[in-house]
Amino acid sequence: MKRVLSVLLAALAGSVAAPSSPDGPVTLLFRDIGGEAGITFQHHSAPEKKYIVESMSGGVALFDFDHDGLVDIYFVDSLTVDTAKDPKAARSALYRNLGHGKFEDVTDKAGVGHPGWGMGVCTADVDGDGWEDLYVTAIGGNHLYRNNHDGTFADITERAGVGGGGWSTGCGFADYDRDGDLDLFVSRYVKLDLDNLPEFGKGKTCEHRGIKVQCGPRGLPGMTDLLYRNDGNGHFTEVSEAAGVSDPRGYFGLGVAWFDANQDGWPDLYVANDSTPSFFYVNQKNGTFKEAAFPMGVAVSEDGAEQGGMGLAVGDYDGSGRLSLFKTNFAEEYNNLYHNEGDHFTDVSFRSQTAPSSLPFVGWGAAFLDYDNDGRLDILAVNGHVYPQMDQARLGASAGYHQRKLLYHNRGDGQFEEVAARYGSVLTDERVSRGMAVGDLDNDGRLDVVINDLDGRPQVLHNELADRGHWLIVKLKGKAPNTDAIGAVVKVKAGTRSQMRLVQSGTSYISQEDMRRHFGLGAQLEADSVEVVWPDGTTSHAENVKADQILEIAQGR
Amino acid sequence: MTRLLRVLAVLLAAAPVLAQTAAPVSPAPDIKAIQRRARQYLAESRENDAVAELRRAAKLGPLDRDLALKLANVEQAAGNRALAEKQLRSAADRFKSVQALLQLARLQSGQGDAAGALESLTRARALAPNAEDVLSASAQVALAVRAPLPAILALEPLTRMCPTVAQYPYLLGVALLQAGDMLGAVEPLQQAQKLEPSRVLTLVALGLALNGRKMYAEAKPGLLRALELEPENVEATAALAEAEDGLGELPEAEAHAERALARASGHATANLVMGMVRMKQERYAEARAAFERAIAGDPGSPKAYYQLSLAYARLGDEAGAQKQVELYQRKLREIDEQVHRLRTATGISDNGGMRR
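Just so you know, the protein sequences line up as chains A and B, in that order.
Each step along the first sequence adds one to the number in this note's numbering, with nothing skipped, and position 279 is 279.
Here this note's numbering = 1-based position in the second sequence + 1000.
By construction, these hints were calculated from the structure, which means they are not laboratory data.
Quantities reported herein were computed from a predicted structural model and do not represent experimental measurements.
Any given hint could be a false lead.
To be verified - Among the chain A residues that face chain B by a calculated CB cut under 7 Å, a handful are:
(1) PRO295
(2) GLY297
(3) ASP303
(4) ALA397
(5) GLY400
Using N, Cα and C, we set each Cβ at its ideal position, and we do this for glycine too.
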């Protein structure tokens, strides 16, 4: 048991009132400050989405690249079939957080604007120098940008050997072999030839509800996935096949989540696959994994249907001390909430009331978050169809192309209530969203949300909920080379509630959330205890920690 | 003129006698004359004599359309299906008889010849694409041979042509249920329910469709109403149990599943619900047994195989779990292939909400 050593920031922030009731009238929760904040990023895609490659981007990352204590934003942009030969036609963007609700586009200086046909993003301090690096997945080759500590990044992809190739989507770093450095998993989607794409609307797998749509993923060949083991010398070695995570059948991989599901101290891996069973790789502690999604109960829906898995969120929403799993899916397939029972999962989607309201929507970005600081993890999911042609189709129970968000308030009894409409149009306005990342942009203890919309402007949703509870944000500083403490678990006890959070690289739908861990404390003015279980199994502990501050905890001090 | 007719009538009436008398001296019986005598007997309600004449005539050659249909009916009623089929085919081929084709389809359906029945229906629809009786018969025969897509193709225009007839949207809903399009089934079944609010069959079918769409909260009230009307209805009880399980109302689901099983111990849905309930109660051995009974009742249910694999996994039987996963995957493939075949056969591309 070790003591917490440093408390860096005490950002007491305004109200400490009791959390709001979801039964009240319409309340301001989020306000889209994108425009006023100076964020002008525009995601690109062809308007008709005639090809599946034009429907699946893009991710968003929240990370503090310049060490100023403020979370910055990186948006991934994509090319189109028409602009495929011109990498400069797409411009991903890095926005530096200036504070006071303002951001500055520093993309050009940083040198991270043109990763090609961008898809997703994840971050980690790959080289252990204490600065966040950036990994961007793409079609035709991924990019690892090393942070130069001066506002610029260097593309070290080739040297590191993590370029991948084909159509990469999700990514996430974790120390799966517990050798201290961070390894990398990359999911891949469909095998395609941009010069010979399947023709729009031609064939049975290119129709939906009687209308012509883009082809795939069904009917198209899938791609294998990639696991890169960090050699510790700046180079990675691809070990997918030897580790048993290569996906030789070529399922359509998207969302990635590393987490220690069975609490044996070794990171396990979940991959959301589109239109095919998802994977759950149990870490065998010897450099290999055993795929066990079916026996663990997380491969398919409760009735055995293969789902179009997209985004993932991991969280202990019921104080069980175990990390459960939320997965967004295609329309009419319902989003899964898989409750972690220790040695397996139970699909509690309908019992928890999260499934029925999700049926009309195609889900993407997802997160467990305590938006009102009441001490319970709620769920946010963003939506949007893949076919613009849906607006001309017989919809049935499915929503149209543009879709609203879903916000589930945790009732504390294992059930959730969908409350988006109570918080106004910012949640109910219909968009075509993809990546989503949650974090505290202004360090006020309220969680903000950034969303990358396909072929549109992003949403920067500033949390302005007035009636909310106390909070605590824990920023971990792990021992090098894993200075982010990726894989660490933070446990907070306040009053009668125990909460836990996991530090993750690669979250939501091909995105990266703020790695600092946020806890709502409700009416509690302090946390009775804060415990950190570091990736190497050592622990740190503190007692009677004041609420409403950002607490930095360093490993081994 | 009147007199002449009277004479002809007398002659016709005397024809059998004349024929019998003339037989020894006539080397080639006249099929036309035999048919005339048959008609006469029919007009006189001398059924047995008429049938005897028709059978005689049929041995000599093809009958007139109406007589062929008559004889086909007689042969079918007598259990002589091959003879009935011969007459119907003949009438269908020679006279392009819609009636014959519909009757042939019914006969083929009764014999389990689904492909033959569907072919006959297709021919009938080509001859009379907008006739209500043709469409209606086509739909019913198609449903009887579990060929939902031809039924859908027949019922969709019927629901438009006869918007106040509850039977048609009901059958359309049932056809869509058979096709696995739970979403599509909901709308016509709701329409049928509007036209006939207290019809138990419709309420149950709507409940099943809503359950299939996982709209359990919407399914429950109609199923409760069905049970008010018919408290002993096993289908409604089992479907209600399924809705309650979906809503997380475990005690109610368990009670209704038990009630359904008390009346029909092999009921697939009731056993499946019971298995789901037992899984949630962590009574895995009982869950496994319930899923096995569900599969015995409905061997085509991927859900039952999948859940059975989970029961085996919870019981620590890895090999058993893996075997059930393989069976489950085989069922999924079979369904995929079936849907593909049906779509190819009908040209229907609507996948009812499933992704691509």
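Hints, verified against the model:
no. : hint   : verdict
1   : PRO295 : holds, 4 Å
2   : GLY297 : holds, 6 Å
3   : ASP303 : holds, 4 Å
4   : ALA397 : holds, 5 Å
5   : GLY400 : violated, 14 Å
In terms of the numbered hints stated before, the structure departs from hint 5 and from no other.
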